[in-house]
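Chain A is fixed; fit chain W onto it per the hints.
What follows is each chain in one-letter form.
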Amino acid sequence: MSKKPLLEFNQFGIYCQQGDFYIDPWKPVNYAVITHAHSDHARWGNKHYLAHHLSKEILKYRLGDISLETIAYNQTIIRNGVKISLHPAGHIIGSAQVRVEYEGEVWVVSGDYKLEDDGISTPFEPVKCHSFISECTFGMPVYTWKPQEEIFKGINDWWHQNHQQGKTSVLVGYSLGKAQRILQNLNLDIGKVYTHGVIQNTHDALIKNGISLKETYKITASTTKEEIRGNLVLCPPSAVGTPWMKKLNPYSFGYCSGWMAIRGAKRRRAADRGFVLSDHADWHGLIQAIEATSCESVYLTHGYTASFSRYLREIGYDAHEANTLYGDESLEEEKGGEA
Amino acid sequence: MKNFANLFLALDETNKTNERIKILKEYLLQVSDDDKINMLALFTGRKPKRQINSTQLKDWALEQSKIPDWLFRESYEVVGDLAETISLLLPLPTQHQDKSLSQWITEIKDLKDKTEEEKKNWLLAAWDTMDQQEKFVFIKILTGGFRVGVSQNLVVKALADIAQLDTATITHRIMGNWNPDEFTFQQLIAAEDASTDNSRPYPFFLAYPIQETSDLQKTALEIESSLGPISQWQVEWKWDGIRAQIIHRKDEIFIWSRGEDLATDKFPELHRFIQNLPDGTVLDGEILAFKNNQPLPFNILQTRIGRKTLSKKLLQENPVAFIAYDILELEGIDIRNKSQSDRRLLLEKLQEDSLHPEIFRISELVHAQSWDELAFIREQSRAKLAEGLMLKRKAASYQVGRKRGDWWKWKIDPLAIDAVLIYAQKGHGRRADLYTDYTFAVWDGDKLVPFAKAYSGLTDKEINQVDHFIKKNTLEKFGPVRTVKPELVFEIGFEGINKSSRHKSGVALRFPRILRWRTDKKKEEADSLESLMLLLPKEG
Chain A
1 MSKKPLLEFN QFGIYCQQGD FYIDPWKPVN YAVITHAHSD HARWGNKHYL AHHLSKEILK
61 YRLGDISLET IAYNQTIIRN GVKISLHPAG HIIGSAQVRV EYEGEVWVVS GDYKLEDDGI
121 STPFEPVKCH SFISECTFGM PVYTWKPQEE IFKGINDWWH QNHQQGKTSV LVGYSLGKAQ
181 RILQNLNLDI GKVYTHGVIQ NTHDALIKNG ISLKETYKIT ASTTKEEIRG NLVLCPPSAV
241 GTPWMKKLNP YSFGYCSGWM AIRGAKRRRA ADRGFVLSDH ADWHGLIQAI EATSCESVYL
301 THGYTASFSR YLREIGYDAH EANTLYGDES LEEEKGGEA
Chain W
1 MKNFANLFLA LDETNKTNER IKILKEYLLQ VSDDDKINML ALFTGRKPKR QINSTQLKDW
61 ALEQSKIPDW LFRESYEVVG DLAETISLLL PLPTQHQDKS LSQWITEIKD LKDKTEEEKK
121 NWLLAAWDTM DQQEKFVFIK ILTGGFRVGV SQNLVVKALA DIAQLDTATI THRIMGNWNP
181 DEFTFQQLIA AEDASTDNSR PYPFFLAYPI QETSDLQKTA LEIESSLGPI SQWQVEWKWD
241 GIRAQIIHRK DEIFIWSRGE DLATDKFPEL HRFIQNLPDG TVLDGEILAF KNNQPLPFNI
301 LQTRIGRKTL SKKLLQENPV AFIAYDILEL EGIDIRNKSQ SDRRLLLEKL QEDSLHPEIF
361 RISELVHAQS WDELAFIREQ SRAKLAEGLM LKRKAASYQV GRKRGDWWKW KIDPLAIDAV
421 LIYAQKGHGR RADLYTDYTF AVWDGDKLVP FAKAYSGLTD KEINQVDHFI KKNTLEKFGP
481 VRTVKPELVF EIGFEGINKS SRHKSGVALR FPRILRWRTD KKKEEADSLE SLMLLLPKEG
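Here the protein sequences come in this chain order: A and W. Sequential numbering of the first sequence, starting at 1, is according to this note's numbering. Sequential numbering of the second sequence, starting at 1, is according to this note's numbering.
Mixed in with the good hints there might be a few duds.
[What the hints assert, rightly or not] Rough simulated footprint, nothing fancy, chain W against chain A, three-plus residues with beta-carbon under 8 Å:
1. 87-97
2. 111-121
[Claimed, not checked] In silico DSBU-like pairs for lysine-lysine, Cα to Cα no more than 35 Å straight-line:
3. W:58 <-> A:146
4. A:27 <-> W:477
5. A:27 <-> W:394
6. A:192 <-> W:22
7. A:192 <-> W:25
Read the hints as simulated data drawn from the structure, not as lab findings. Glycine residues also receive a C-beta, built at the ideal position from the N, C-alpha and C atoms.
Next comes chain A alone, as it looks inside the complex (with noise of 0.2 Å):
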């Protein structure tokens, strides 16, 4: 017979029994180890935390005064035999892989990833293991990205030219993750960066944790539409169509997301441009990344599963799809979970 997994799926989330510990879990549990910080990953409620030293002051504005610790990348500590350590995933600011050891073997968790160095995030660094949980939100070849200098250089141009016709540019875009890739991005000769409460929050929590970030002025009551007009404003996803906007009147509004490739999905949101800018892998690098781990079974969470593995068995890999209940993105996104 063969010995239980390392890791396995339960009704709470991914379980390492030898270890007595769970990653990511969706239902609260006793010990926790957090891949990054977007809600669907850190969720509410569990006894004990661990994470990357980089997401600690954003967990505890998120999930308030929690029982948390921070190690390092490629830091270990030890639970009942089984050695656990964090390494870069390149999603967000602090966003980790989480390595498993016990006896000899090992399970990755990918958490969420992308393999382009965004000039903000720790470089994702691939991490050789027997067994990898990979998502795959992005997993199907429709799906490939440009490099961000081109998606940026649109971007500017955009900007630039709402300056010129005295318009305001409005960028949506994840709080955490997005919006401070996009700020480090913009070409600020061309006028100043303004923010939503919610993004410019996660900006001050991430300060707080020693990361520098280009000056942005966050916008409340008394400011003025004057002051704001031909500048540039940073909002999450939750505050499309809210009288927010409407007070930046006249504007252009972007939208900062993977799903804009394609045409239907960017008609929905009814932006007036679709930037293809994703903090996920594309589908050659979510095969580039399992491919550099040399695993020999590979798990998927997150979005085209059935397909992904499908296409990952055909050309030889042991890939199976996972049950997982992260949310979907899509509709986090529309709900804007991410505030």
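This is chain W only, laid out in the frame that chain A set:
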């Protein structure tokens, strides 16, 4: 063609009317007259003849993209559009080119005498010079599946501004049988109409619904207060057939459907009466299946639509007639500016003189002394196989397009039934990668029998919620179709119902759509097949 691809992209990125007109004008001012007329042809549905079929296109794209066939199909489901799917899956270009739209259209036409291999080489070379957006638009042109999310009205508005002509003139000039090889941009914008096209129809005048939703029933009093005394209105039944324009000019006859499709060959029994009309006559009306002086349900007419050849038997069993509503041209003169009443008199005279009164019928007038009485008469619509009433202001001219004010449609409430969602499929266009195409079922004993498919009627928010439910509650997958745990109940509205041997349920519905999501109902509370059957029209 890069500017044409950018035009498409720019139009996609705004839904503000003025913005879009501005974008169209900028494009028109920047390209050659040849490109202008080709663009207009594409935007009005005049596509070059298809030289490469979907199978070839798909096979060659598959070969280039190096993915398995099933993954290609699933990608298509995610994207919801073949041209877009291919454009996303093909490798990046290695070459460069700057050909104009007209040059590409010429090359496409020149494929006519080429071998399959030559076509393939041409296509692969072309793809290798295009970025994703250009590929997408190029494949759209190739497949003839070219639909822009831009109404013809906007293009007309942009053209009218540039040519300094009024929009009604432009709308009229771009109708009919022209193609960009013979019709030049200069002819289009000439001060005097230079057309010699005998087939050219007039733009249809379309009615506005008097009540926007089926929830808000308008009372006779409300109608009176907004439309004034009933004596100022000509009232007719609203028939459910194919709206058509019939033309007799210089020994040539044409039948146009409202979608600007030439349908002359589809209705041979109408030819004789049209030929007997005086030279220079254009009529507006409805083609209906008609037998023994009685209109037949739409599904009878449906058996004739889409048939390549019409058998003698079919023509005999399902004959059609033309119900004339209006006359637009008499003795070669455009009389659309005459009043509704004057046009009606001319139409009546013409019909009385016809030798074919069985085929050339006139739309019967409905007489009522008050709106109250008319509201009562309207209740008989379904029994008459009509969809409701048409109200036409007696003093009104025949206008262009859908205009508020002088023509109103006062439809009857749809039939409705509560049904359970059982199958779902992903949608297309802006509903790509979302489960938006649903099949509904009613109870037959303890079994659910599918009876209708519906695609529309939910808000974007509801669509997201239903999509989420479907993804979490899939029982089985058959290709693109998912069997869904029966749980959600919807009220399904439809305009009519008929027996059908082709459907499992034994009935076929006309225009089924979702009226509302009944979150208050459990699946057990949905209707039964029996109650659906009760809605069938009485025999005889």
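Quick rundown of the hints versus the structure:
Only when three residues or more bring their CB closer than 8 Å to a CB of chain W does the claim for the stretch 87-97 of chain A stand; here the count is 0, and the claim is violated. Only residues whose C-beta sits within less than 8 Å of a C-beta in chain W count toward coverage, and the stretch 111-121 of chain A has 0 of them, not enough to reach three; the restraint is violated. The suggested pairing of residue 58 of chain W with residue 146 of chain A holds, with an alpha-carbon distance near 24 Å, which does not exceed 35 Å. For the proposed pair residue 27 of chain A and residue 477 of chain W, the alpha carbon gap of about 29 Å is at most 35 Å, so the pair holds.
Our distance criterion of 35 Å between C-alpha atoms is broken by residue 27 of chain A and residue 394 of chain W, whose separation comes to about 70 Å. Simply put, residue 192 of chain A and residue 22 of chain W have alpha-carbon atoms about 29 Å apart, close enough for the 35 Å limit, and the pair holds. Of the pairs offered as hints, the one joining residue 192 of chain A and residue 25 of chain W holds, with about 33 Å between alpha carbons and a cut-off of 35 Å not exceeded.
In the structure shown, a violation is registered for the earlier hints numbered 1, 2 and 5, in ascending order.
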